[in-house]
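**Q** One-letter residues, chain by chain:
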Amino acid sequence: MRARRLIPTVYIIFLMLPIYWLLNMSFKTTNEILGGLTLWPQTFTLENYVTIFSDPTWYMGYVNSLIYVSINTVISVAVALPAAYAFSRYRFLGDKHVFFWLLTNRMAPAAVFALPFFQLYSAVGLFDTHLAVALAHTLFNIPLAVWILEGFMSGVPKELDETAYIDGHSFWSFFIRIFMPTIAAGIGVAMFFCFMFSWVELLLAKTLTSVEAKPIAATMTRTASTSGYELGLLAAAGVLTIVPGAFVIYFVRNYIAKGFALGRV
Amino acid sequence: MARITLDNLGHAYMPNPVNPADWALQQLDFEFEDGGAYALLGPSGCGKTTLLNIISGLLVPSRGRVLFDGEDMTTRDPTARNIAQVFQFPVIYDTMTVRQNLAFPLRNRGVPAAEIDARVREIAEMTDLTEMLDRRASGLTADGKQKISLGRGLVRDDVNVIMFDEPLTVIDPHLKWQLRSKLKELHRRIDRTMIYVTHDQIEALTFADRVVLMKDGGVVQIGTPVELFERPAHTFVGHFIGSPGMNLLPCIMAGDTAMIGDTPIAVANAASVKPGGALEIGIRPEFVGFADRGLPVQVTRVMNAGRYRIVETVTQTGQTVKLLASNEDEVPSEATHLSFDPAFTRVYRDGWLAGEGRGA
Amino acid sequence: MRKTVNQRAWLFILPVLVLVAFNAILPLMTVVNYSVQETFGNNEFFWAGLIWFEQVIESPRFHDSLIRQLIFTFSILAIEIPLGVIIALAMPRKGAWVSVCLVLMALPLLIPWNVVGAMWNIFALPDIGLMGYGLNALGFDFNFTRQIGDAWFTLLLMDVWHWTSLVVLLAYAGLVSIPDAYYQAARIDGASSWAIFRYIQLPKMKRVLTIAVLLRFMDSFNIYTEPFVLTGGGPGNSTTLLSIDLVKIALGQFDLGPAAAMSLIYFLIILLLSWVFYTLMMRNEE
Amino acid sequence: MALELKSVAKQVDGEVHIHPTDLTLAPGSFNVLLGTTLSGKTTLMQLMAGLERPTSGQIWFNGRDVTGVSVQKRNVSMVYQQFINYPNLSVYANIASPLKLARIDKAEIDRRVQEMAELMRLTPMLDRRPSELSGGQQQRTAMARALVKDADVVLLDEPLANLDFKLREELRDELPRLFADRNCIAVYATTEPMEALLFGGNTATLHEGRVTQFGPTMESYQHPRDLISAQVFSEPPMNAAKVTKQGGEFLLGSSIRWQADASTTGMADGSYMLGVRPHRVTIRPDGAQPVAIRGHVRIAELSGSESTVHFDLNGNDWVSLSTGVHDFDIGAEADFHMDVSRAMYFDDAGHLVGAAGGRAD
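Chains as they are written, first to last, in this note's numbering: chain A, 1 to 265; chain B, 266 to 625; chain C, 626 to 911; chain D, 912 to 1272.
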């Protein structure tokens, strides 16, 4: 039994060490960082954070990221809901294969697709908008959302649908008023994964934006190359990117472990 | 093979039980004889599954001891107790064939391959699985899977007891009675202790030699099916066993005679009824008949159950009395009288059979 | 579940298909287009047939990055999948600690990829990084910017740090969905912990593990930002994985044609391997 | 307001689920669909409800073809074997749901929900969620929702099968009362002949997607049209054995013989299938014409008031059902008595040719 507790503990310590180092560095002055290794800040400073919160090029990066991540999460889940319903309730031509082909979209190397994406979104006039990034990210989020939602939906008996129709619900009335509340946990988990993959992706987000919708990650890389070696500032920016994710996972923590193992592979 | 003794047993799921209601299982002393067929019967939430899990070792009781042949097993795990259990929903090892499923408990105990093979064949024969031995277990129907569960319990010839936790829940109704009689037959053949948990009185009564009837965590009556039917210790037993259940009619005692309104009723236990408490007469529909004299009633409904009819009557004070009539009997159309067989008519005080046990 | 045959189901999938067509098929066609053309800059394109494909297939550079990629992918699968399963098995099933564990474990998944790279860069630097400094203090000669072995070690460690939790989450979800009766039956049958794992837990986790392997497999082929920020593909080309190489060719040298041809070949390789794996895993279903 | 099925058939993937079926359910009637699992009861109900469309044939209601009318517009209601309620709504909102969708005004909804809750003994639970109720209460909620909207057709698909034995008995007792003063067509699917008998009304026996017989319940029970209908409508399954008729006498095996009675004496000589219900095979001689038979006991099940003995008679599995306690060892040879005054005789095609005493109960 002791080993059972030891394994997760050691693993979590391993996960926390680099994060601690980042946190540690974000409270140091540049001089202290470059001066050598110290296990905790000798001269504790909040200056790096003050810089970020007072400079719009910095904090707008967070706002932009949050905007397109939110749009993406809503679109991905909204589109995945009816599709997952179809997979869980109907048999139709090609149903066994469609899911795999959806999943193959994750295989496209973003590095190569960046340029065509740039051309495509420029052509339709969406370049440097939040919507562009949100739409691009649906590419890899929709298949995952479909998979997760389908698992939850398969746990709801079909008789519930029939009862609703018999009571007089139209399909959409049933779907929105009865079915979606029933699988709320699944929607929560799907939204978590969509948020996660959209929040952390950089390459497409950077390619599809320049000023108006520039994500925080892009601000960071540009800062890294232009203003030299301001490690403390970068560390503080990095720490702040963890915060929204931490909030999201805190809210869905109780759903994570439930049920989504039951679905289609 | 073992005699199982429950000594001052009790269980509460909460850490510090105060009220009697906090106990999922009230105090219980009982002995399961070696080789007997027992049923734990009661409505859902009566504590029967808790008791089953304590006996099998999946749960450690908060109080008391479980003894196997006098040896204290209270804290030992299921493996040490050497028991077998069939669950409500079939548990099978999906990736294995039927043969591998049956062999699994023996393989885990390092039994030689030749012996395993012989045992598996024998058990497959007994449970009608011979033709499916090399099929994948996950492809079988629910009753097939339940037979595998059963087979895994039977395959070890040294198990102390085989436990059944509502094993027919997922079985199609028209297959239920087949599997039910199969279980009974297997018990007769292998002569091993079996404990069967159910809410279904028919399953319990047909399977068991002795039935433990439970309610709200406590045991209400332990007895043979005949005892439970003919001599219920509590009105709950009368209601729960039998379909329809026992009729209950409030009465008073006038000396040694029970009276329903103005009608004197001959009862078997009149002499032992002590004064005080709420008194009721209990009489099963099977022991009620139409008569020229007796309790005046109106016939309100006749339901034909095929091989007999259930007649519903109402007394002058508005009490319902049901009785069974054969298809050949004449059923009076309206006002008539009922007679009760005195040998099976008893007085209950505050629910308990007057003059005995807690009704004394 | 009883499912009805209903071709109208396609209507429900239509929005998904429209988005996918827009996002995947149009860019894919563009890439295919690049791959069969020659460009001399100033937006002039000429039909080049299959020469880029021939060139790529024969080029040692392609072979090298393919081998590096395969080594990387199979290494992280070999580490992350078993490790994730072991950790999920060791996690508590209920109680307050479950939430704490899940939240902490999910944190690496929620950090932007360039931050992951930068974080590990700082963490592993021999002079100011805890890990780099620590390893040197323990007597190892560790410098991931100079030594190939150290660079690979850091790269793999970073990926394990980053993604093992995804496997843990999925495996854990699979584990908690196993009814108690299975464990009880196994205890009664006298099964060892290994037998419980082999015959109950592993089969029940099959579906989630299939998805976990597919996700990690596909995503590892596309990995770009983290290694780029961590090592920049170096020292030399020693950690130049597929995507880094592609970007070097496409944007660094502006050789769109060969880059496109190369990515299509890669795409087909992943597709083939994934399909074989998916089909094998699904063969026994239904 | 009758519901008529006109040669309705259903196939799925080329597999026949319902053979062409004609059925007319009268207004205000209580109809039982009796058959084993997968005999087509659920499919038939889904066709009646409009949840499934027949492959061929028509469904008429109230003199109107409703085959293509969607379920929302049919004014039907349904209760399932699983306890199906809206998990996110309170019991009150669950019951009110069909009324709300019908745009009935609030005060009227409240009145009807309260009334229905009272009838179903759900009043104290109205504010709770279905998941906080016991199984019996959940099913009561589902029934309340089905009954509150005064549907023309109420379909009940084995609604009691998942309940505890005693709860089942209790609700079975209440059901006929709930439908007594409603002018709807009730359809109740069950696998248990006893339920069909206790409900009365009409019974349709189903076997492998075919309605083998339909009529007043007692009529179907006492006068089965064929062997299959008789077997479906018998619990435990009816005993059957080959017999030959010679002159005025029936012969079973080599030595069991009995006289034909007034109703069967006219049957032609030849071989027949004998059908005897288990309660007509008893341990002590009973009934008008007991015939002694001898068999090997497979197992005896004793319930305290009755004994069910499974035994082998000339290679046929037979069941005897007697009152009282009679135990036998496995394999023992035992004497039974079958009362042939209620015996049925079927020809090779399974059709009923003669029933002793004119009826078979």
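Honestly, the hints are just simulated from the structure, not real lab data.
Quick caveat: nothing in here was measured; it's all calculated off a predicted structure.
We put the CB at the ideal spot given by N, CA and C, even for glycine.
It is possible that part of the hints are untrue.
[What the hints assert, rightly or not] Far from chain A, by Cβ distances over 10 Å, these chain D residues were calculated: (1) Asp933; (2) Gln957; (3) Tyr997; (4) Pro998; (5) Lys1017; (6) Arg1022; (7) Pro1035; (8) Ala1053; (9) Asp1061; (10) Glu1080; (11) Asp1084; (12) Ala1152; (13) Ser1182; (14) Asp1259.
[Stated by the list, open to error] Heads up, simulated DMTMM-like pairs for lysine to aspartate or glutamate below, C-alpha to C-alpha not over 20 Å straight-line: (15) B:Lys480 to D:Glu1081; (16) D:Lys917 to D:Glu1119; (17) D:Lys1077 to B:Glu431; (18) D:Lys1077 to B:Glu577; (19) C:Lys873 to C:Glu663.
**Q** Hint by hint, which ones does this structure get wrong, listed from lowest number up?
**A** Hints 2, 3, 4 and 8 not satisfied by this model.
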